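2 protein chains.
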Amino acid sequence: MRSRGVLPQGREGETLDPADWDALKQSFHAAIDQAIDRLRDSREAPVWRPTPDAVKARLEAPLPRRPEALDAVLQRFAADILPFGTGNVHPRFFGWVHGAGNVAGALGEALAALMNCNVGGRDHVAVYVERQIVDWCKAIFSFPAASSGLLTSGTSMGNVIALASARSARAEIDVRRHGMGASPRPLVGYASSEAHSSVAKAFELLGFGRDALRRVPVDAEFRLSLPDLARLIAADRAEGRLPVAVVASAGTVNTGAIDDIAGIAALCRKEGLWLHIDGAFGGLAVLVPEFAPRLAAIAEADSIAFDFHKWLQVPYDSGGVLVKDERAHRAAFADRPDYLAPAKRGLAGGEPWFCEYGPELSRGFRALKVWFTIMTHGIDRLAAVIARNCRQAERLGQSVCAARELELLAPVSLNIVCFRFVAQGLDESALDRLNEAIVVELQLAGIAAPSTTKIRGRTAIRVALTNHRTSDDDLVLLVSAVREIGRELSSVSAGGSPSLVAAEEP
Amino acid sequence: MRSRGVLPQGREGETLDPADWDALKQSFHAAIDQAIDRLRDSREAPVWRPTPDAVKARLEAPLPRRPEALDAVLQRFAADILPFGTGNVHPRFFGWVHGAGNVAGALGEALAALMNCNVGGRDHVAVYVERQIVDWCKAIFSFPAASSGLLTSGTSMGNVIALASARSARAEIDVRRHGMGASPRPLVGYASSEAHSSVAKAFELLGFGRDALRRVPVDAEFRLSLPDLARLIAADRAEGRLPVAVVASAGTVNTGAIDDIAGIAALCRKEGLWLHIDGAFGGLAVLVPEFAPRLAAIAEADSIAFDFHKWLQVPYDSGGVLVKDERAHRAAFADRPDYLAPAKRGLAGGEPWFCEYGPELSRGFRALKVWFTIMTHGIDRLAAVIARNCRQAERLGQSVCAARELELLAPVSLNIVCFRFVAQGLDESALDRLNEAIVVELQLAGIAAPSTTKIRGRTAIRVALTNHRTSDDDLVLLVSAVREIGRELSSVSAGGSPSLVAAEEP
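As you go down the protein sequences, you meet chains W and G in turn.
Numbers 1 to 506, taken from the numbering used here, label the letters of the first sequence in order.
Numbers 1 to 506, taken from the numbering used here, label the letters of the second sequence in order.
Calculated from the structure, these hints are not laboratory results.
In this text, all values refer to a predicted model and were calculated from it rather than measured experimentally.
The beta-carbon is built from N, C-alpha and C at its ideal position, and this holds for glycine as well.
It is possible that some hints are incorrect.
Straight-line distance between alpha carbons at most 27 Å, and here's what the computed DSSO-like set of lysine-lysine pairs gives [what the hints assert, rightly or not]: (1) W/Lys138 to G/Lys454; (2) G/Lys138 to G/Lys270; (3) W/Lys56 to G/Lys344; (4) W/Lys344 to G/Lys56; (5) G/Lys138 to W/Lys56; (6) G/Lys344 to W/Lys454; (7) W/Lys344 to G/Lys454; (8) W/Lys25 to G/Lys25; (9) W/Lys138 to W/Lys270.
Now the stretches of chain W that chain G is said to cover, found in silico as 3 or more residues with beta-carbon under 8 Å [claimed, not checked]: (10) 61-67; (11) 182-188; (12) 328-339; (13) 371-377.
Covered stretches of chain G (in silico footprint by chain W; criterion: 3 or more residues with CB under 8 Å from a CB of chain W, positions within the stretch not fixed) [said to hold, decoys possible]: (14) 60-66; (15) 389-402.
Could you build all of it, start to finish, from the sequences and the hints given here?
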């Protein structure tokens, strides 16, 4: 069914602009209001619901040739897309490390889409907004004003950009020109066994190879072991390899552990290695007085990658990277062919261009949603969310310790709580299946969305708190739901009838 | 000055949500309307205006600690940001290759920001929308249903992803594990001397090194020379290197030249090389009957990267990549640590995850703005814009040839017209400066925004038509403005007084 059209039906020769701008605005408002209402009412809805098969089938429709009235497209969107999102806007979404977003940031994104700036370079305001965000990040991480940076899609790309800079700065050859194969000594780097998978993926992408990332053992609190790092560096040197970089984690993804950044920085200085910080979510805890001492040494690093879309609640996607040595950063990426020649005046001015600091030439105006988020809320208030989430994690950890059937599987160091439900008489393998089943049930019932991980081989229910909507009551509800579902599933299981636990077996 | 606040002033313990949702909606509407009005009235405004120094100074304000009312932030936006964009929404923006955007796409982006999905993986609707877009792209480029793909920030990242797949598929070792340095033979690839700079940047990033990208000479129409390609491959083999990939251009950035894709595909089959297409803007001309024959052989390629934000008018940023061999694609990127373990049921389902096909783990819902654009306009209408731009380029080329002071510097093959103003008595170097000055004057006066490039060493005024708002009259106006400014600047120059031409000298 097609409703009244607000975009013209496409006589050849026309633009894609609407015939009736006022009708367009009304459609825009109505759609926005619907999406805002869902945010307002998120607490009343299930955290997540599976996308119905009928919707999936409709989303297999072939490439449409003819136009469709915008209002008709919006009806499809309201019915088939809006209700079935990831769920991370809900107060009881605790899965992986997802930010919950914020409406001021979303408004910034909407305005950026209408402005349609290309922030790869040139002289226009979007470039100045992004520079301001980069400067704010320098202030947050106590990086010097002369350092460089840019916004990225997230920490994965930030890690790639920082490690490409490290590679260029530390290689014995011009690696951009001659490639990794030309290096007289193989280049190697270091990160803990708990470091994020994106670090290894960056090593693969950049041509180091995954094996060139030495995985350093961790201590009892899942922090990189400094003596082991020193030993591995010495062994690599002795065996003719060239150590170039260490990646320290400011908040590991499994447990929220914060590496001894000051200790690693001292070792890197002594050894002449580039220190990169993977600060995806945890780096921003430097804004919280309680965590600042353990994160202050980020200022001593050569680079840091981090996300705005996690703990700063900026809508996806938005991350950033800072590099202390601007020349090293630029030397890793700068390249301007004839058609991009700079000019002193006019639109081709605006030096330096962001495309000289990363792999992307066309770049969206992602800075505007960050700008709206920080301008509207102020950094103190955003930091208060981080602090509250950490206190919530601590209290959740205490609740877990106090509850008879629950077992804490890792120390709570930041905002991540890994625990499990333990039922009498189940072996480790059955406990793994039981806890996987509990998480699936919580998700399917729409009660809460934690995720799972493995802690020293055991399946953990993993609760990551990076959500400004989460209240303490939400965590009380989570604990009681885990216990209830756990008892239910384990009693069914013990009774020998076909159980959900068994059903989860591969 | 602070206006009435629509977001709460941040008592600790609160969410970042507004206290008054209705007031928030009103602010949202007003801001959106303002941005839409600018699009509606873009023709009446200068194409581009420099960002005033006072604005730049305000955008150097330090990190704000305290919240500010959303309406106050919006006032800053309206005064300091909205008027000073890149200019590519204007009908007479012809610089580089920028799309002009469209409001349906911008609405999609706004809704995506409010939904705040993370499309790295998991089982939610954004994944199915992105799969639909990928399927539509397969239909456009006649790729088989079994091929894989994902959306990217643009062709630069698409080239990286495709060439990483080629690298994994063709290397003699497990390059992800062992790195480029472990290859017994150096890996090399090929592209024409006119290929886009992002191809060389991809070779650098992936650790091949820039020199491993052999630059193949071009013919008189700026197309890769097949005999030279065959000769270079043979020479590399003879000298112990391993040829892995050829990158063919479906529309070069300088002149819009389309390589002989069918011929290159035949050679790649014979030689066992991976054929990647850089189709950034030109690939989509396959939708236009006139160009389809020259682009149909894209279907024979192993991969293609292209942009939605150029000739499909989707707001920045949005590109895509397709890889014919899904297993090769996945083998180049798949990696799932414990905390991302897949599940059969629940939110952790949804296999395969997009993060297994590229370097990013967190991924925004960029597919939604593409979906809104294609659903609303239909692909035929979007193709009609492409066809019209090509006809406009052809007519502009004819106007240039017919005008006494203008010289066409390259054949018009697609949508790009490179020409210059020629004044009697000026040598090549003075002509270069004169044409640079003409472009700067056009931009500063807000009349039009072409860019410049070098064609066989000569500075060209470069007009790229990827703009649905451009009318034929806009091009008439451009030609007459170029001639007028050219005469003015060259007469001043000839008169010996301090001229703008001289002022442009380095």
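Verification of the hints:
no.: 1; hint: W/Lys138 to G/Lys454; in the structure: violated (38 Å)
no.: 2; hint: G/Lys138 to G/Lys270; in the structure: holds (25 Å)
no.: 3; hint: W/Lys56 to G/Lys344; in the structure: holds (17 Å)
no.: 4; hint: W/Lys344 to G/Lys56; in the structure: holds (17 Å)
no.: 5; hint: G/Lys138 to W/Lys56; in the structure: holds (18 Å)
no.: 6; hint: G/Lys344 to W/Lys454; in the structure: holds (17 Å)
no.: 7; hint: W/Lys344 to G/Lys454; in the structure: holds (17 Å)
no.: 8; hint: W/Lys25 to G/Lys25; in the structure: holds (13 Å)
no.: 9; hint: W/Lys138 to W/Lys270; in the structure: holds (25 Å)
no.: 10; hint: 61-67; in the structure: holds (count 7)
no.: 11; hint: 182-188; in the structure: holds (count 4)
no.: 12; hint: 328-339; in the structure: holds (count 6)
no.: 13; hint: 371-377; in the structure: holds (count 5)
no.: 14; hint: 60-66; in the structure: holds (count 7)
no.: 15; hint: 389-402; in the structure: violated (count 0)
Hint check: violations occur at hints 1, 15; the rest are consistent with the structure.
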